[in-house]
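Once you've looked at the hints, dock chain S against the given chain Z.
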Amino acid sequence: AQSVAQPEDQVNVAEGNPLTVKCTYSVSGNPYLFWYVQYPNRGLQFLLKYITGDNLVKGSYGFEAEFNKSQTSFHLKKPSALVSDSALYFCAVRDGPGGKLIFGQGTELSVKP
Amino acid sequence: KAGVTQTPRYLIKTRGQQVTLSCSPISGHRSVSWYQQTPGQGLQFLFEYFSETQRNKGNFPGRFSGRQFSNSRSEMNVSTLELGDSALYLCASSSYPAGLGNTIYFGEGSWLTVV
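Protein chains in written order, with the working numbering: chain Z, 7 to 119; chain S, 102 to 216.
Everything labelled a hint here was simulated from the structure, so no lab data went into it. It is possible that some hints are incorrect.
What the hints assert, rightly or not - Just a few of them, taken from the derived set where beta-carbon distance is under 10 Å, the chain Z residues facing chain S:
id, residue
1, Tyr42
2, Asn47
3, Arg48
4, Gly49
5, Tyr67
6, Gly68
7, Phe69
8, Ala98
9, Gly104
10, Phe109
11, Val117
A virtual CB, placed ideally from N, CA and C, is assigned to each residue, including glycine.
Isolated chain Z (complex conformation):
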């Protein structure tokens, strides 16, 4: 069965510092991995995805993610955090060819000025 885990419930970063939100996965077959962000009282916004190819994936709002097959990880990164990046971040893996995603439990990112 496909699964993802986000080992940190909360990540605190100072504005201007780099940030990393961690995600590990367990899949049978090739992984199709996604990152979404959720701002308070809003839906999920797509940030980026890994399908195949380059291990470094670039996405929206300056975010990128590094796919590491040997460590089964797909960590979300940003070189310089903004206060406006404070939100809930979800890692997800696609379960089959349809619209079913398996989500991690989410990581709350707090960026302080």
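Just chain S now, with coordinates in the frame of chain Z:
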């Protein structure tokens, strides 16, 4: 291009009642899936529809049902509401079945409170 549209955004229902939530996918998207988000259980897959057929179903009781219309719009229904059904219900659409790499886009959600 308009995103995934969900209505209503907020609603309050009483235990035992039923509720219907509506979702209009992104134009051209034919797959619609539904998720429930709660603080305790996180994001859980409810079901997916494609071409008016349910293609996949999560582990929810039969009180949760859905349908899809010929224009790809979808509705989900919860009957005999329980307090534990209070949640954010998210609709998502994608252009499946073009491939596993298709992005799945979410709406703003419908906040359901059961009292």
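Hints and how they fare:
Nearest Cβ of chain S to the Cβ of Tyr42(Z): about 7 Å, under the 10 Å cut. The hint holds. Restraint check, Asn47(Z) versus chain S: the minimum CB separation of about 8 Å is within 10 Å; hint holds. This hint holds: Arg48(Z) has a C-beta 6 Å from the nearest C-beta of chain S, less than the 10 Å allowed. For Gly49(Z), the interface hint holds, the least distance from its beta-carbon to any beta-carbon of chain S being 4 Å, beneath 10 Å.
Against a cut-off of 10 Å between C-beta atoms, the interface hint on Tyr67(Z) is violated, since the closest Cβ of chain S lies about 15 Å away. For Gly68(Z), the shortest C-beta to C-beta distance to chain S is roughly 18 Å, which exceeds 10 Å, and the interface hint is violated. Because the smallest distance between the Cβ of Phe69(Z) and any Cβ of chain S comes to about 15 Å, over 10 Å, the interface hint for this residue is violated. At its closest, the beta carbon of Ala98(Z) sits 8 Å from a beta carbon of chain S; the interface hint therefore holds under the 10 Å criterion.
Here the hint on Gly104(Z) is kept, as its CB sits about 5 Å from the closest CB of chain S, short of 10 Å. Below 10 Å, beta-carbon pairs count as interface contacts, and Phe109(Z) has one with chain S at about 4 Å; its hint therefore holds. Below 10 Å, beta-carbon pairs count as interface contacts, and Val117(Z) has none with chain S, the closest being about 22 Å; its hint is therefore violated.
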